[in-house]
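First residue of the sequence shown: 1, per my numbering; consecutive thereafter.
No wet-lab data here; the hints were simulated from the structure.
Warning: the hint list may mix true and false statements.
[Stated by the list, open to error] Taking CB as the label site, the calculated pair distances span:
#, residue 1, residue 2, range
1, W138, R16, 20 to 26 Å
2, V32, M1, 25 to 31 Å
3, L113, R54, 29 to 35 Å
4, A25, P123, 47 to 53 Å
5, G76, W137, 19 to 25 Å
6, D110, P30, 40 to 46 Å
7, M135, G8, 47 to 53 Å
Think of the CB as a built atom: it goes at the ideal place given N, C-alpha and C, for glycine as much as any other residue.
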Amino acid sequence: MFEQWRDGDFDADGVRAYVLPEEMAIAEQPSVLDHAAVEGSVGTPFHPGIESWRIVRSPALYAGAPLRFAGSTQPGDLTIGNALPWQADFLDCNDAWWLVQRPDQVTRNDEPLQPWVPTAWMPTEYEADYNAMVMGWWKLGFVVSLQHGARYVEVEGEAHKEVDR
1 MFEQWRDGDF DADGVRAYVL PEEMAIAEQP SVLDHAAVEG SVGTPFHPGI
51 ESWRIVRSPA LYAGAPLRFA GSTQPGDLTI GNALPWQADF LDCNDAWWLV
101 QRPDQVTRND EPLQPWVPTA WMPTEYEADY NAMVMGWWKL GFVVSLQHGA
151 RYVEVEGEAH KEVDR
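Based on the provided sequences and hints, a complete structural model is requested.
Encoded structure:
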């Protein structure tokens, strides 16, 4: 399928052709950049976004321009549909659910394909250690680019050190 996509052998289903922002009229550029920044963070029903949810599609939320909230928008309105605590939903969203926001596997200590979240925390058919994720999420490492994007590795992670002992 990737080869077909690369070769242009697919139906774009009404998706507009990509145009570089600098080739657009200046007046169109801010809106395009706003959309590019937030589109990956919002889901639809049954696919909640990590930062917000489908409520951000409601025109009533905005004051005339995208990303300018109406005075009626209250604290908590943007996150009301998110899981509480967020770490529980984040733990369940393994297996390529949030490709950009949440890695499934990382290179750690020069070993590729290591699970980013400790296996002991991961959901099984019967249970998951949600409390470990809620209490220890901050111990997960950062995935950084090395060699100008040739390698991506996890750094500063502490979660596996404690669990694997």
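Going down the list of hints, with the structure as the test:
no., hint, in the structure
1, W138 with R16: 20 to 26 Å, "violated (40 Å)"
2, V32 with M1: 25 to 31 Å, "holds (27 Å)"
3, L113 with R54: 29 to 35 Å, "holds (34 Å)"
4, A25 with P123: 47 to 53 Å, "holds (48 Å)"
5, G76 with W137: 19 to 25 Å, "holds (21 Å)"
6, D110 with P30: 40 to 46 Å, "holds (43 Å)"
7, M135 with G8: 47 to 53 Å, "holds (48 Å)"
Checked against the numbered hints given earlier, this structure breaks only hint 1.
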